[in-house]
Amino acid sequence: MKPAPFEYVAPRSLDEALGALADGGADAKLLAGGQSLIPLLNFRLARPSLLVDLNRVAELVYVSSRDRGVAIGAMTRQATIERDAQMRQAQPLLFEAIGWVGHPAIRSRGTIGGSLAHADPAAELPAVAVCLDAQLSIASPRGRRTVAAEDFFVGYLTTVLEPDEILVETWLPPLLPSTGQAWLEFARRHGDFALAGVAVSLSLERDAVCDARIVLTGVGGKPARAREAETLLMGGRVSERAAAAAEAVRSAIDPDADIHATKEYRAHLAGVLTERAIHLAHDRALALAPSALDVRRTLESLGRHA
Amino acid sequence: MSGVAGPVRRTEDPRLLRGLGSYVDDIDPPGVLHAAILRSPYGHARIAGIDVSAARAYPGVCAVYTAADLGDFNQPAPLVIPHPSLTHGRTQRPLATDKVCFIGEAVAMVVATDRYIAEDAVGLIEVDWQPLPAMIDFRVADQAGQPLVHADVPNNVAAHLIQVVGDPESAFRNAAHVFEEQLYVERSCGSPIEARGVVAVYDPRLESLLVWDATQAPLTIKNGLANMLGLPEFKVEVIAPDVGGGFGTKIMLFFAEEVLVPWAAIQLRQPVKWTEDRREHFISANQERGQQHTARVAVDAEGRILGMESVFLHDTGAYTPYGIVVPIITVTQMPGPYKVPNYRSEFTVVYTNTPCVSPYRGAGRPQACFVMERLIDRIARELGLDANEVRRRNFVQPTDYPWDVGLTFQDGAPTKYDSGNYPAGLQLAEEMIDVPAFRAEQSAARQHGRYLGIGFAAYVEGTGIGPYEGGHVRIEPSGRVLAVTAVTSQGQGHYTSFAQIVANELGCDVADVSVITGDTSRFNWGAGTYASRALVTAGNALGVAARAVREKVLTLGAELLEASRDDLELRDGTVRVKGAPGRALTLGALATAANPIRYAYGKAASQAALQLVKPRAGAVLRAGEEPGLEARGFFAPDRATWASGQHAAIVEVDPGTGNLTFVRYVVVHDCGVLINPTIVEGQIHGGVAQGIGGAFYERLYFDDSGQLVNASFMDFLMPTAVEVPEIEVAHIETPSPLNPLGVKGVGEAGTIPVAALVAEAIEDALAPFGVRINEMPLSPARIRELIDEAVYVDARP
Amino acid sequence: MPEPRAVRVVVNGRTFERSVEPRLLLSDFLRHHLHLTGTHVGCEHGVCGACTVLVDGQPTRACLMLAVQADGAAITTVEGLTETGADALSSVQEAFWEAHGLQCGFCTSGMLITTVAFLRDNPRPSVDEIRVALSGNLCRCTGYQNIVKAVRLASDRAAVATRPDSA
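Heads up: the sequence lines are chains A, B and C, in that order. Here our numbering is used: position 121 in the first sequence is 121, and no number is missing along the way. Here our numbering is used: position 161 in the second sequence is 467, and no number is missing along the way. Here our numbering is used: position 18 in the third sequence is 1121, and no number is missing along the way.
Treat the hints with caution; some may be incorrect.
To be verified - Ranges of calculated distance between the beta carbons of each label pair, as one might list FRET restraints:
no.: 1; chain 1: A; residue 1: Ala-287; chain 2: B; residue 2: Val-1097; range: 57 to 63 Å
no.: 2; chain 1: A; residue 1: Arg-206; chain 2: B; residue 2: Ser-749; range: 38 to 44 Å
no.: 3; chain 1: A; residue 1: Asp-258; chain 2: B; residue 2: Asp-706; range: 35 to 41 Å
no.: 4; chain 1: C; residue 1: Glu-1120; chain 2: B; residue 2: Ala-457; range: 39 to 45 Å
no.: 5; chain 1: C; residue 1: Gly-1160; chain 2: A; residue 2: Arg-189; range: 57 to 63 Å
no.: 6; chain 1: A; residue 1: Asp-15; chain 2: C; residue 2: Asn-1225; range: 36 to 42 Å
Hints were generated in silico from the structure; no laboratory data involved. C-beta: ideal position from N, C-alpha, C; glycine also.
Chain A on its own, in the form it takes in the complex (with noise of 0.2 Å):
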């Protein structure tokens, strides 16, 4: 299964890079990682006239702190976000959900602006960064525009991307205190795309939930945000709402059906996954919560641990 042919081009810099897409007209496509278009290629599914390839636009490589959140460029491996040790303690559900994506040999070439861009409606960095409420930094010869995550999917394969602009950076917020988060997907084999996955990040105020995004992946052409489970989780105590949560979710969703999964069995696993998630977001948050820490320090004062 060999490509068809295709002219190539290697930029060295974002402008370059800009000016040969443009160049190159509706038949150009963007290479980044290329673990999802090389297969395309490969399979003759898709047939570019151009390819602009970005893996030697330098300037788009980068992890940097900025207004206290976290700028991630849009080349940036896959593979730096897993070993970034800080990522685990500042974007704990980015880097738990990187470790699903794919194998490490894919994560080695994938990038985290290709896989956003890509939006396979399966693929679990589009769910993680609408839940984190992502801010997508887009240029293009026009100049540069910023994309709220909820609003970049648009539907299957499709963002809000315009054929001569280019996804640059990712900016994460930074958490709010007392906050678990945790990705929960289920795939037929370890490294599979998810039948369904969901991400999850609840921040608590003593027991309560004072913020709730649940978001989903799997279960439409794009990022399903699970609104009404978050409204009802708001106020309430996780133990109280989380099945109630977890059925909004299930009513809410109108997945599609393929060979792996019924539209049934599809929403019935969002529902199982969202309910586990939260469970489990929630038992992080409570490990970060003051008031957990003011339980062990009374267990402490009593002399005994927690």
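With chain A fixed as given, assemble chains B and C onto it according to the hints.
Chains B and C in isolation, oriented as in the chain A frame:
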């Protein structure tokens, strides 16, 4: 077999580990051209016209062939295994003529300077397709009004065969209980990591053809090609080089490409190579497993089987290039390890507009085992017995051999089990998995909402069938031993196990024996590697040859060492007088002395050769004598030798996701005498992994038009290292009385009982829900459905 | 037709300069242009892992990279695991041999490369971690068991070799 039996490290490994394997695509003869095939995108369509002009004109293209270009050469492939019941057999032509019958059927071939260009040119071929209604669901293929795959085959029925043992009608009439099950197994495929490939080189000066082919049967390909191409057989050689897995896919004979590529090499007078890619493999390499059974069993009040019947449909795909071997195996293997005194089987083989069906590891046995074991489970459930108790009550006992099932096996000989001990095997499996401890664990787990289950399955496997194989052994002056046989290797460790057999006879180091397989220029007689037969037939043939060489060694050794034969032993690569280590000759020296042509190479050989300078009377070779230390040997078994096994597994089913995981997997296996236990275990591990694939992961999805929806590794799910558990293997050795080595085959064993075992284990795990399994493969979605259906049923008043 | 591009790549320590079409896959470049046929091709869509090589030290599917992208890179293939001219196998290869970690050998080069990279980054893995690490390489022959055993053996041996008292 003493001495060199054992877990010897494989001699073939260092080369493979260094990346120095030589698989078909690694072979690049100078000037080789590359072929690409235009394949049907439809399951069923008429070809109203085909225009290759743009393809022919594309730079780098050397030729484009359609059926018209092939002329008379474009004949239907031979029906390699005919059968009187195969009344409407059909085989495919190398290139389709006026219509295509399955997605992937070859329609045209491009030959170009590289594969990239060849694929470009394939894309430029214009075909006027007229899609026809496709016959996809084999379960309704023989009903009135269905689309016909072949216009002249009524009701899509290729074959119909009824076989009866005893008097099943009476058995059913007089039984205490009769139970019926509808059982369905859907199609899967072998999918070796190396797909198919052929390289052909025609030398017009020598008028000879050399073909490298990733086939399991080079001799058959050689003889067939010679016939088709009008060449003498001795002008055609076929070599199976290193082959990256076969699993039956590569035993299918005369694939279109196997025939087209050599033909093109002759036309073009240039080497031609075709390397199958993965997408092609999914749509044009053979597949197997689709069957639907209505099975009934008649038992007495104690659960002893009085009679059994299975009426089933077998999906053969678009053609029958391998006859009806698979359903015949299903029939003959169905009674399994049990006494079934009265038995009726009736099968109908139907065509569908899908890729052809021919054996895939197991070759009809997994389906048979699934049916039999589901019936065992049904009996157990209905009579309130433990399934293993039902098994024990029905097992053929160790004292019952030879046990005649009453049918004719796939080799034309009686289905007669020669040895085994199924009760001991089952008991060992139960002990290994510790059933009472599991029941306690299961009970505790249920309190916490976790669903663990245990399953068993037992099977037999007819292995080592004929017709025969041969071997050629020669000791060289260097001391190395050459052992050649026609069977092929796709990873089974033949280079090592065959070396062990020969080394055992000649008293030399295993590492000194070099084995050559699958090269028709080296050995001209034999059938190939399939049906778990290679070790039994070729191994024994090499044993015969090695023993004949041993005789020559003893005779010449006695003469040269001036001792009697009885005083000699073969040890450490020498022949020596027992108790007098100084009186010894290396095998290499002896080989030199055995070839009286005056030349000697090497010090030890020179010493031996000095013998020849002595005065003597008469010819160096007497009448009937041959120079050297070499011999050929053949082995033709009376009939199959019957291996057997009992598997047990503990599984967990997650009722939320429907997912299945294995907690433990135990195999007790009997393949007679073990030459190399490590290699045997490796075969079992691989078979179990494919069995797990077939039970829970691998399924081919064809849509209504015959498109294969999941023609990639992304969507055809072969298990990874995470999904396959650790497999604990114990051996029982009941030697085979049917061959000198006492061995039985093991190649397919691991796959056979897995689906049956998984069904029993899931039912046990989900017993609180009352789930019933009667289909394979399953999936998490399906398990969820079954839980919902079962709960619903239980909830009704 | 697109113009060929110059590619300069170091493979197993040796520098090669070639001219390639942009669409040429790295897997085909290694196998048929450099005649390093130890890297195998099983699927050309990045799932089976048979084509895994190290690119600048990172495990990479050669079928999902273009040869032109390898310009300036250092690549290790299975042929580079043994020292040039040396008879001895590397310790990972020895472990695979001893543990019967290969049957047909077709997935083996990918398994070896994946293992080398994995053990470099995870010297003392658990069995579960090993299975996860291998899950991106499909094998149809072995059922993975002896491959897992081989990786464990290699890791155990490396641990012994790097113990302070094992000088």
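For this session: Of all the hints given earlier, name the ones this structure violates by number, lowest first.
Result: 1, 3, 4 and 5
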